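Chemist: So you can see what is in the structure, the chains are spelled out below.
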Amino acid sequence: MSYATALRCRKCGHEYPLKPLNVCNFCLSPLEVIYDYKSMTKAISQEKLAEGPFTMWRYKDMLPVESDAVDIGTGFTSLVKADNLGRELGLDHLYIKNDGLNPTFSFKDRVVSVAMTKAREFGFDTVACASTGNLAASVAAHAAKAKLKAYVFVPASVETGKLIGAAIYNPVLITVDGNYDDVNRLCRQLVEKYNWGFININLRPYYAEGSKTLSYEVAEQLGWRAPDCVIAPAASGLLFTRIWKGLDELAMMRLIEPVNTHMFVCQATGCSPIVSAFQAGSLHVNPVEPSTIAQSIAIGNPADGYYALRVARQSGGGASAVTDEEAIAGMKLLSQTEGIFTEAVGGVVIGALKKLVASKVIKKNEVTVAFITGAGPKTQDIVADTVQPFNIRPTLESLEEVLNVPA
Amino acid sequence: MVTRQVMFTFPSELVEEPLIYYLGQKFNIITSIRRADVSENKGWVVLELEGEEKDIERGLVWMAGKGVRVDPVSGDLVEG
Ligand SMILES: Cc1ncc(COP(=O)(O)O)c(C=O)c1O
Ligand SMILES: [Zn+2]
Chain A
1 MSYATALRCR KCGHEYPLKP LNVCNFCLSP LEVIYDYKSM TKAISQEKLA
51 EGPFTMWRYK DMLPVESDAV DIGTGFTSLV KADNLGRELG LDHLYIKNDG
101 LNPTFSFKDR VVSVAMTKAR EFGFDTVACA STGNLAASVA AHAAKAKLKA
151 YVFVPASVET GKLIGAAIYN PVLITVDGNY DDVNRLCRQL VEKYNWGFIN
201 INLRPYYAEG SKTLSYEVAE QLGWRAPDCV IAPAASGLLF TRIWKGLDEL
251 AMMRLIEPVN THMFVCQATG CSPIVSAFQA GSLHVNPVEP STIAQSIAIG
301 NPADGYYALR VARQSGGGAS AVTDEEAIAG MKLLSQTEGI FTEAVGGVVI
351 GALKKLVASK VIKKNEVTVA FITGAGPKTQ DIVADTVQPF NIRPTLESLE
401 EVLNVPA
Chain B
1 MVTRQVMFTF PSELVEEPLI YYLGQKFNII TSIRRADVSE NKGWVVLELE
51 GEEKDIERGL VWMAGKGVRV DPVSGDLVEG
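Each protein sequence line maps, in turn, to chains A and B. The opening position of the first sequence corresponds to residue 1 in the working numbering, with each subsequent residue numbered one higher. The opening position of the second sequence corresponds to residue 1 in the working numbering, with each subsequent residue numbered one higher.
Honestly, the hints are just simulated from the structure, not real lab data. Accuracy of the hints is not assured; some may be wrong.
[Unchecked claim] List of simulated lysine to any residue pairs, SDA-like, C-alpha gap at most 25 angstroms:
{"no.": "1", "chain 1": "B", "residue 1": "K66", "chain 2": "A", "residue 2": "K19"}
{"no.": "2", "chain 1": "B", "residue 1": "K66", "chain 2": "A", "residue 2": "L186"}
{"no.": "3", "chain 1": "B", "residue 1": "K54", "chain 2": "A", "residue 2": "K19"}
{"no.": "4", "chain 1": "B", "residue 1": "K66", "chain 2": "A", "residue 2": "E289"}
{"no.": "5", "chain 1": "A", "residue 1": "K19", "chain 2": "B", "residue 2": "T3"}
{"no.": "6", "chain 1": "A", "residue 1": "K11", "chain 2": "B", "residue 2": "E50"}
[Claimed, not checked] Partial pick of chain B residues on the chain A-facing surface, computed with a CB cut under 7 angstroms:
{"no.": "7", "residue": "E50"}
{"no.": "8", "residue": "R58"}
{"no.": "9", "residue": "V61"}
{"no.": "10", "residue": "A64"}
{"no.": "11", "residue": "P72"}
{"no.": "12", "residue": "L77"}
Small disclaimer: the values here were computed from a predicted structure and weren't measured. Ideal Cβ placement from N, Cα and C applies to all residues, glycine included.
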């Protein structure tokens with residue numbers, strides 16, 4: 001039995017039963033899972049949690065699932081004390097949450113694991129999603145584990161490398177001709193027509209909750225405390241809002257002290273509707289046409305943008321956008337200081353962190369956690385220029401000649 | 001009859017034009033506004049449309065042709 005009690009509209013507060021449903025009938029705003037925190041608090045302690053498995057499912061009692069999880073070994077990824085990078089940027093207490101270490105190499109396994117478990121509970125025999133990469137791979141992998149049929153829709157323009165990341169799990173893989181808007185339109189029609197579990201659409205309120213485990217883990221790994229500053233990327237903005245919700249819940253259950261974490265959201269300049277709204281002091285996120293190499297976060301019309309914006313504001317945090325060049329520099333910096341190879345999104349995070357520290361918005365002595373949400377090999381072509389080997393003949397002389405080492 | 005939930009974003013030069021009224025009249029669509037914020041220099045409206053599928057499609061193309069940005073209410077469905 002979970003402690004989830006209902007779905008509630010984030011805007012007007014209208015409540016709905018725990019069903020596959022994602023927007024409020026009245027105001028068309030997103031729905032969110034609410035819980036009986038009183039009972040949850042009684043059942044959970046630091047000691048009990050410590051006895052759980054070393055995956056995201058050690059926090060099962062804080063997630064909205066009733067059955068055995070569809071688990072491919074996601075979570076409890078490492079939190080690395082990043083002293084080299086910290087020195088480079090000017091931070092004394094910098095940590096990297098390396099979520100590229102998940103089974104399909106991105107944080108999406110957390111959200112999909114919860115959504116797939118719910119899909120099975122609701123009795124769907126078929127699940128579906130539309131994605132340009134990370135979500136597609138994760139849905140295909142979890143569907144294989146859950147033995148559910150999966151339809152994965154991908155814009156035909158997506159590179160072969162990314163298709164393989166999903167195809168290997170043998171979903172029904174469908175490439176769709178047309179631009180991004182065309183694929184969006186098709187998906188909307190599919191949702192209306194087919195009784196499928198759409199992982200990030202009708203199952204979205206449950207999907208969202210998976211990201212809370214990121215902040216549960218970070219708090220536990222820091223010895224049950226919240227960071228002073230968090231920096232995380234946003235596409236739809238959902239991840240960012242749930243990192244915050246996770247910390248808030250821990251404090252509510254008195255597992256950590258009251259939270260005073262400043263939440264910083266980052267995006268690529270070529271697709272930064274949330275950051276632009278923050279900087280303009282606006283309450284509304286205006287959609288944009290995306291154009292960036294950070295394709296995993298290239299969402300022009302973010303479903304949860306308004307709520308991500310609110311978290312950045314209310315927490316006394318901020319927002320920062322970086323160019324593609326700065327993102328690539330960030331990827332290289334993280335690799336070359338900490339040995340962690342991230343995809344372009346991680347480069348955006350490091351680039352944005354660099355700016356926020358340089359402008360003293362994030363301060364030297366603050367405990368700061370940077371969320372790296374995806375691994376590098378997925379988009380390795382964008383840093384192909386790093387390959388500049390010395391070429392030698394297979395002799396010692398040739399090596400010494402090239403490297404200039406004295407014999 | 002089908003329903004469709006959309007968000008319109010109006011640039012400043014269109015804020016004063018009764019485009020939603022014309023959308024309803026011209027294409028035989030029932031429009032029901034759920035959330036909105038319109039000021040002098042910009043505006044957005046979240047609404048539910050009800051009508052024949054074909055009429056709604058044509059109506060949305062007409063709106064976009066007028067310079068209004070049309071987006072799905074629940075954000076972009078294609079994710080990273
Ligand atoms: C690697 C990576 N990081 C971050 C995100 C952002 O997720 P959200 O849509 O929850 O903001 C995505 C989403 O696709 C992603 O693939
Ligand atoms: Zn509502």
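Chemist: Hint by hint, note whether the structure agrees.
Modeler: Structure-based check of all given hints:
no.	hint	verdict
1	B/K66 x A/K19	violated (38 angstroms)
2	B/K66 x A/L186	holds (23 angstroms)
3	B/K54 x A/K19	violated (30 angstroms)
4	B/K66 x A/E289	holds (18 angstroms)
5	A/K19 x B/T3	holds (20 angstroms)
6	A/K11 x B/E50	holds (23 angstroms)
7	E50	violated (13 angstroms)
8	R58	violated (14 angstroms)
9	V61	violated (11 angstroms)
10	A64	violated (10 angstroms)
11	P72	holds (6 angstroms)
12	L77	holds (4 angstroms)
Hint compliance for this structure: hints 1, 3, 7, 8, 9 and 10 are not met, and every other hint is.
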